[in-house]
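In the UniProt record's numbering, the protein residues as written are 1 to 374.
Simulated from the structure, these hints should not be mistaken for laboratory data.
With a cut-off of at most 25 Å between alpha-carbon atoms, the simulated SDA-like pairs for lysine to any residue come out as follows:
no., residue 1, residue 2
1, 40, 243
2, 127, 230
3, 55, 211
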Amino acid sequence: MRPELLVAEGQPVACGTPLFRDRKRPEIVITAPISGHIEKIELGPQRRLSLLTVKSEGENAVRHDLAAAGAQAGLRTLMQKAGLWPALRTRPFDRIPAPDAEPAAVFVTAIDTRPHAPDPVLALSGKEDDFARGAAALCLLTQGRVYVCQNDGPGLVETQERLSVVRFTGFHPAGLPGTHIAALHPATPVAPVWHINYQDVASLGHLLRCGTADFMRSISLAGPGMGRPHLLRVPVGADLHALSRPELTPGPKRILSGSMLDGRETQYLSRYHLQASVVARSEPHHRNWLVAALRRASIPAAFIPSAAVDRALAPNMPAVAMLRALSIGDADRAQQLGCLQLGEDDLALATYATGGETDFGERLRAVLDTLEAM
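Based on the provided sequences and hints, a complete structural model is requested.
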């Protein structure tokens, strides 16, 4: 997305006010997750948006007309105006879908097997009806099926004609979209599928019930650097430094948006993360400049095939062969092995299991970009 700013510093905004939109696809907008005023806007190189912060004030919210939300076109327009369209992502390529695109199927990720992830059942407590309403509405966006992927236990929704509940068990990566898509409905460039997390589905249900967007999230704040790991309810983009400061253990820390496997160090909660992790900041290790340059070279680090590596990807995906193809940038071979079902998060465990010398998420993105350009 190349953002086009729609607000200025000091401007008051309500929850749901458009903040910026995609220059090439102006129907796709990012809206304010809270009510308040624009506190700061920072532009980076080439005057691209680097940071936009909203100071919380009041509880005003943009109210949307729901009259046409019972039809596909009306639901699309509603989600786009309310800022919920970016909650959807495509496979292959893991992009925000085009405003007029239609998927072959939609996957609701209602299971999370990352370390310290919140329990979806607990996070949805009190929002069960909104979740069911949102899941049913997703059926309007596709002529195929909507799969609610969850853990063992009672179904989170009632099964309908094109709404299925599918249960996955086991350790990570059993809770990742790539695992579910590869098992149930493999994606292709001509028949893409979409995925969305369970809390965004509940937000859609809230929008359809109240006419206002809900950008609050139940997230876990945990990790070895937290004295008291806990769950809390915060808006998208919340300040993780402020939230974690009272509970930090002594010593320098790194605060990640996301899990310890796939999180990235940042001050603010990412749009797509449902947890934050606090880990110790290790002392920098100063390597010889030549050694450091060689490690950053295009030649991938070697890894030893092991049982842990074999289990790092979806069960029906040959992990070692896939990692080898990604390591050397063999896009054709990676596509044959199923890389179109994957996003960067699906490779985080493989990066960890092989020692972290090669970031296989970055390798996957390079291969996907190559395939997307073909």
